[in-house]
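Chains as they are written, first to last, in this note's numbering: chain A, 106 to 225; chain B, 311 to 493.
Worth double-checking, as some hints may not be accurate.
[Claimed, not checked] Pulled from the structure, derived: some chain A residues nowhere near chain B, Cβ distances all over 10 Å:
no. : residue
1   : L119
2   : E175
3   : S177
4   : E195
5   : T217
[As the list claims (entries may be wrong)] Computed beta-carbon distance windows for the label pairs:
no. : chain 1 : residue 1 : chain 2 : residue 2 : range
6   : A       : A214      : B       : D316      : 48 to 54 Å
7   : B       : A348      : A       : A214      : 43 to 49 Å
8   : B       : A403      : A       : K133      : 34 to 40 Å
9   : B       : A361      : A       : S173      : 24 to 30 Å
[Said to hold, decoys possible] Covered by chain B, per the in silico footprint, the following chain A stretches (three or more residues, Cβ under 8 Å):
no. : region
10  : 129-141
11  : 162-168
For the record, the hints were derived by calculation from the structure and aren't laboratory data. Beta carbons: idealized from backbone N, C-alpha and C, even for Gly.
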Amino acid sequence: MLCMGASEGRRSQLLRGVLDLCLLAVMKDGPAYGYEMTRRLRARGLSTVGEGSIYPLLARLEREGLVSVERSASNGGPPRKYYRPSAKGEIALAQGLIEWRATRAAVDAVLTSAETGVSQ
Amino acid sequence: MSGFVDECRREWKRLHVPAQAADEMAAELAADLAEAEAEGVSEAEVLGTGASDPRAFAASLAREHGLIKPRKLNRPRTRGALIALVGAAIALAIASLIVALLAFNGRSSSSTTTAVSPTVVLVPDLLYIRRDLAVRKAQDSGLDVRIVLRPRQGHPRGTVVDQRPTAGAKVAPGSTLSLGIAR
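Next comes chain A alone, as it looks inside the complex (with noise of 0.2 Å):
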């Protein structure tokens, strides 16, 4: 790797405008308080992010109704807050994937034929 703190900065710009669809993504799984979101995303090799937080994501998405928030109590710990998709957050979950595979695909296309050009 040559510029290693180059390629983590972009990681965490790419990440950025995909987070709230992954935390979507992995609170569908089950409802879910903070930490586990972020234990869910790193067992898929999303390692939470070296910009920003979830929490403020969580905020935003608490705020645009996109998802449903339940306090109950988690095995002998204190009563957590779980998150999991509102019906218009699933929507916006769908949405948000087709936009992400159009942009991806569209993105790959002009850097794939880039690659092409490299003699390595």
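Dock chain B against the given chain A, drawing on the hints supplied.
Relative to the frame of chain A, chain B by itself:
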């Protein structure tokens, strides 16, 4: 309780965040940080770069909860700049469309084709319909079609899951429309 949460609380107090809301945010953070610590996971892993700047973190969290007003002073300026930027982008898009159309007209008038054809095609919305229907509609509109197979991801096999350009785009006749089809 972690020093981080204490610093957040101080900032919320300074920003006049109601006590109950501050308590709730603090409880959520404290529980998550405690659990992470028990697993040997760093605060940075839980809080991202927010870990190094509790005041900024606290303010952004309160803002996203709608507990304090969005940054007051530079908001209108940012919005003005945004509008100017969008305006410039639209102007640029229109200009390039005109240039493209002129170029296209130039080409078609120099050719020997006599058929009267439209100078611009409105890309139809083909999402989620069957491939054969989509291809026919695209061709009827005067577009060439390129098929790209995509993973199904819950869509019915053989249906359009994405299209480039998107519906409503104005393109020259004979332009290529790329259709992503669920395999």
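Comparing the hints with the structure gives:
1. Even its closest Cβ contact with chain B, about 14 Å, leaves L119 (chain A) beyond 10 Å, as expected for a residue assigned away from the interface.
2. Here E175 (chain A) stays apart from chain B, with its beta-carbon at least about 13 Å from theirs, past the 10 Å limit.
3. Here S177 (chain A) stays apart from chain B, with its beta-carbon at least about 12 Å from theirs, past the 10 Å limit.
4. With a minimum CB-CB distance of about 12 Å to chain B, E195 (chain A) clears the 10 Å threshold, and the non-interface call stands.
5. The Cβ of T217 (chain A) sits about 12 Å from the closest Cβ of chain B, beyond the 10 Å cut-off, so the non-interface label holds.
6. One distance hint, 48 to 54 Å for the beta-carbon pair A214 (chain A) and D316 (chain B), holds here, with the actual separation near 50 Å.
7. The supplied range of 43 to 49 Å is met by A348 (chain B) and A214 (chain A), whose beta-carbon atoms lie about 46 Å from each other.
8. Evaluation of the 34 to 40 Å hint for A403 (chain B) and K133 (chain A) yields a pass: the beta carbon distance comes to about 36 Å.
9. Between A361 (chain B) and S173 (chain A) the beta carbons are some 28 Å apart, a value that agrees with the proposed interval 24 to 30 Å.
10. Proximity of the region 129-141 of chain A to chain B, defined as three or more residues with a beta carbon under 8 Å from a beta carbon of that chain, is established by the 3 residues found.
11. Coverage of the region 162-168 of chain A by chain B holds in this model, with 5 residues showing a Cβ closer than 8 Å to a Cβ of that chain against a need of three.
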